[in-house]
Amino acid sequence: MINLSEVIETNRMILEENLDVRTITMGISLLDCAGSSLAKTCAAIEAKLMRLAGRLVRTGDDIGREFGVPVVNKRISVTPAAIVGSACCRRPADFVKIAKTLDRAARRLGVNFVGGFSAIVSKGMTPADEMLIRSIPEALASTERVCSSVNVGSTKTGLDMDAVRLMGEIVKATAERTRKRGSIGCAKLVVLCNAPDDNPFMAGAFHGVTEGDAVLHVGVSGPGVVHRVLAGSCRGVDFETLCETVKRTAFKITRVGQIVAQEAAKRLGVPFGIVDLSLAPTPAVGDSVADILKEIGVEHPGAPGTTAALALLNDQVKKGGVMASSYVGGLSGAFIPVSEDQGMIDAVRAGALSIEKLEAMTCVCSVGLDMIAVPGSTSASTIAGVIADEAAIGMVNQKTTAVRIIPVAGRKVGDFVEFGGLLGGAPVMKVSPFSCERFVARRGRIPAPIHSFRN
Amino acid sequence: MKKVIITVVGKDTVGIIARVSAYLAKNGVNILDIAQTVVGGYFNMMMVADASKYTKSFERLGAALDRIGAEMGLKIRCQKSEIFEKMHRV
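Chains as they are written, first to last, in numbering that gives the first Met the number 0: chain A, 0 to 454; chain B, 0 to 89.
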């Protein structure tokens, strides 16, 4: 039987500690929309999205109301557009038309983001892949809700350094094309290694070709809940007690995601995919992963001990989460974006946190260098070098890594850029001034690491 | 059975349970269990109720209880019970 203290606890998490379901994301295959006519392909895409996701927003809101837990974002991920458009797109401008189609459908459906303006080029680029990549600056400048991602490597294939080099240029061009809005285009563009097919979180969400026709994924959150529990009962306790507490809390948070996912899938008539049990911060006060690290015992994220504290947190979140849901997937871990987490912003301003330390932290958590603003003068080859480093960490450690870096046009170290809404704002961080030009200028691939040969 | 949990939080005052249960009775919602506690002058109550005979939408039930809460200066929430059952049980 349900008891009063459990009910009070659940509602306190929701009302005071920002527990929410961060996103329900419907993955939709667009493979059956592909044709040799661009106009027909775009029409088929829009029709399919409207047909399958027509009730997504309403259903998310209904479920949120009935369980009393906010379902914050309703989103869509689609088959990588480079595949869908490969037969009908002859030039980058054709891919921009597909982006605009996705944007229009997203607006009509009322979803705030649609992910999947993507290319998977882990080993090499087809002409269509390259055209899509070259269309990204224009596509992101002329749409509002489209998110783009490019997977440049994997543990199995190694790193496609030609794509890495190209992405350095594309990130720069995207920043330039959206310079009047703080280079916001780059906040919707992520370069990945080992990208999962079932990620519900933007900007890296796409509906992989391993998935069915339509599927429903859910991303839960709740760093505020973990922080509050640790602050309330874990000051000075030993590691065993600390870990046990995080694990129990992660279990509770994930359960909420699981029940919402199952209910939404049932009502929408599509299979339930996975729960992504990530701790995803928002700019809201008290919704911060940095605060958890501070509660574990570092003065600011970036202080010695931060990587170990983050490793512990990430692992316990997973251990608690997998007990709560039969299907866990996506990124699942702790997110450490700078602009979306007030505690991380404070750490940068205090001089505690550098890009190099963030890179180290990404070795032990679920994502990578996320929402980091750097000076607009940063060169394309330096950005490619940052991407290569991060992708190499993912490749060698058999994990997902990502780079969402914003070389803010016209801004320098110490400036602050406001992106607004969920994307927050970020202090412009210092990048190493030393060149990697000759390294990224090399052609070809970095081979897959030895431990990928498991057959 | 459509089991719902109704929670009432606010300053303790005369007739809270009477008002809420009167509405539920009038609309065919059967109360299965009530638990309450007063902490620091604040009233916390939970009702477990069966709403399977409630003919209007869940949204209407929530809105009606919300209105009663507003009139009495209380926060009344109505949620499906699964969220509590799942969250606290393996």
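Source of the hints: derived by calculation from the structure; they are not laboratory data. Incorrect hints may appear among the rest.
Straight-line distance between alpha carbons at most 27 Å, and here's what the computed DSS-like set of lysine-lysine pairs gives [stated by the list, open to error]:
1) Lys99/A - Lys79/B
2) Lys318/A - Lys85/B
3) Lys79/B - Lys246/A
4) Lys265/A - Lys25/B
5) Lys246/A - Lys85/B
6) Lys429/A - Lys55/B
7) Lys85/B - Lys25/B
8) Lys39/A - Lys122/A
9) Lys265/A - Lys74/B
10) Lys265/A - Lys2/B
11) Lys79/B - Lys411/A
12) Lys317/A - Lys85/B
13) Lys74/B - Lys52/B
Taking the hints in turn, this is what the structure says about them:
About 40 Å separates the Cα atoms of lysine 99/A and lysine 79/B, which puts this hinted pair outside 27 Å; it is violated. A C-alpha spacing of about 17 Å is found between lysine 318/A and lysine 85/B, which places the hinted pair at or below 27 Å, so the restraint holds. For the given pair, lysine 79/B sits about 25 Å from lysine 246/A by alpha-carbon distance, which is consistent with the 27 Å threshold. Distance check on the hinted pair: lysine 265/A and lysine 25/B sit about 32 Å apart at the alpha-carbon level, beyond 27 Å; violated.
For the hint pairing lysine 246/A with lysine 85/B, the CA-to-CA distance comes to about 16 Å; that is within 27 Å, so the pair holds. With a C-alpha separation of about 59 Å, the suggested pairing of lysine 429/A with lysine 55/B is violated against the 27 Å cut-off. At roughly 30 Å between alpha-carbon atoms, lysine 85/B and lysine 25/B are farther apart than 27 Å, so this suggested pair is violated. Restraint check for lysine 39/A and lysine 122/A: not satisfied, since their Cα atoms lie roughly 30 Å apart, outside the 27 Å limit.
Proposed proximity of lysine 265/A and lysine 74/B is contradicted: the alpha carbons are some 31 Å apart, above 27 Å. Taking the CA atoms of lysine 265/A and lysine 2/B, the gap is about 19 Å. The hint holds against a cut of 27 Å. The straight-line distance between the Cα atoms of lysine 79/B and lysine 411/A is roughly 51 Å, outside the 27 Å bound, and the hint therefore fails. Proposed proximity of lysine 317/A and lysine 85/B is supported: the alpha carbons are some 18 Å apart, at most 27 Å.
Proximity of lysine 74/B to lysine 52/B is assessed by CA-CA distance (about 24 Å); at most 27 Å being required, the pair is judged to hold.
The structure shown violates the earlier hints numbered 1, 4, 6, 7, 8, 9, 11.
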